[in-house]
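J.: Next come the chains, spelled out residue by residue.
2 protein chains.
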Amino acid sequence: MKLWLLDNGSIVIEHTQLMWNVPGPQVRIPSYSVLIEHDDGLFLFDTGFDLEHTSRVLPFELPEQTPEQTIPAQLELCGFRPSDVGTLVNSHLHFDHVGGNKHLTASKVVVHERELAQARDHESFEFFGYSDKTWDYEGARIEPVSGDLELAPGLWLFETPGHTVGHYSLLVGEKLLFAFDVMYTPAALDKEIQAGFHNDPVAGVRSIRRVKAVAAEHAAEVFFSHDMDAWQTYKHAPEFYEL
Amino acid sequence: MKLWLLDNGSIVIEHTQLMWNVPGPQVRIPSYSVLIEHDDGLFLFDTGFDLEHTSRVLPFELPEQTPEQTIPAQLELCGFRPSDVGTLVNSHLHFDHVGGNKHLTASKVVVHERELAQARDHESFEFFGYSDKTWDYEGARIEPVSGDLELAPGLWLFETPGHTVGHYSLLVGEKLLFAFDVMYTPAALDKEIQAGFHNDPVAGVRSIRRVKAVAAEHAAEVFFSHDMDAWQTYKHAPEFYEL
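Chains as they are written, first to last, in the numbering used here: chain R, 652 to 894; chain C, 652 to 894.
Next comes chain R alone, as it looks inside the complex (with noise of 0.2 angstroms):
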């Protein structure tokens, strides 16, 4: 298995919404997702934000997203085209992990069924989460799924609500583990304290604490979706991760 992390930009948030009602200044994150070439196909993971709504519905996210950081150039970036994506797979359907849905007509798309009703009918807190709904074309081949799930051979997919109703976290060959937004930085999965946005508190420290025992039980390293100083130590494509 190959694996690349796709650069996707960067917003701004405040600071108690990386770590929820601790105050601090604003910050700075960055966006990515995840391709995987295994011997079922090519699995992509979150498609990031799509600079013109962002732009146009959250400014005050001060999104930085060049051509080079859209997912058709990332992709292209490590030899690959849209149509190539097999399989996408959204953690969760808020605007910066759904945002470049649209380029990838071909491909499956997998969410769980729970994020799926909510993000076509969600609370009023939850409104600038699910703003770009671009996702939802006609069309579109989503697959709804629900509980944990074996994706294809070492790409695990479980259950960590709390941010969102439907979020999913992805533990690939028991090495890696990508917990996308059920906490956003190293000090917030020591500490416990969720993302300002959110569904379920209750749930979502309940799946902190899943992605702790998951990623102690296989030793697995675990990815931060929006800290930059973690980001910064990562391999970005077209360097990849083999495993």
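Read the hints as simulated data drawn from the structure, not as lab findings. Predicted model only: the values in this text are computed from it and were never measured. Don't take every hint at face value.
For identical chains, the list gives no copy identity; a pair is met inside one copy or between any two copies.
Straight-line C-alpha distance at most 16 angstroms; calculated EDC-like pairs for lysine to aspartate or glutamate [what the hints assert, rightly or not]:
| # | residue 1 | residue 2 |
| --- | --- | --- |
| 1 | 653 | 825 |
| 2 | 842 | 774 |
| 3 | 753 | 789 |
| 4 | 842 | 777 |
Mind docking chain C on chain R? Use the hints.
T.: Below, chain C without anything else, positioned relative to chain R:
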């Protein structure tokens, strides 16, 4: 019925605590209790914060409370002693609503049964909220209740969970509605934005809507627990409302 608002001083919170995920400057908010002289006896709702506890455990909230703003002093201002209070009701058990409970050792203490259990075994993220445990002294005459209930003619407690699991609001004489911490300000009621500290934001939105519906049904005036501008327009003890 006579109703007094007892001034308990003020604290400072982040704007994202006043209104969840809405940035802005820090804000100083009032804390107050509600005293009601009723044919069935003297009722007190909430007891504000304890200055020593807040200064020690939450010094970043910059508590201000003069000796005249304590529960015994405020009761005296209205012509009463702590032992005159037959029934104390805690809308919920956060530190800024229970700080004076320890002075009311002769009172029956009415609290939601879920709130009682949660305050004694709370989520990690509720640490500061439930940090003052002095209400739980040996011999405290706590009477757990649940469901909507008429405490006495014209004193209606109705369930409004979300901010905490067992939060009660109060309708007095079908005219005055004390929503306590369902939301903090008139703008928050209008826009249905709960406080940053909460246990269940989905329930929290439902409770804001319930407050709106109850207020509309009875054409009742909503009193805001933590809004300095609104507080300045209210009558402060020894002035009172007559119902």
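J.: None of the hints should be skipped; say for each whether it holds.
T.: Here's how the hints hold up against the structure:
1. 653 with 825: within (14 angstroms within a copy, 67 angstroms between copies)
2. 842 with 774: between (27 angstroms within a copy, 13 angstroms between copies)
3. 753 with 789: within (10 angstroms within a copy, 63 angstroms between copies)
4. 842 with 777: between (25 angstroms within a copy, 13 angstroms between copies)
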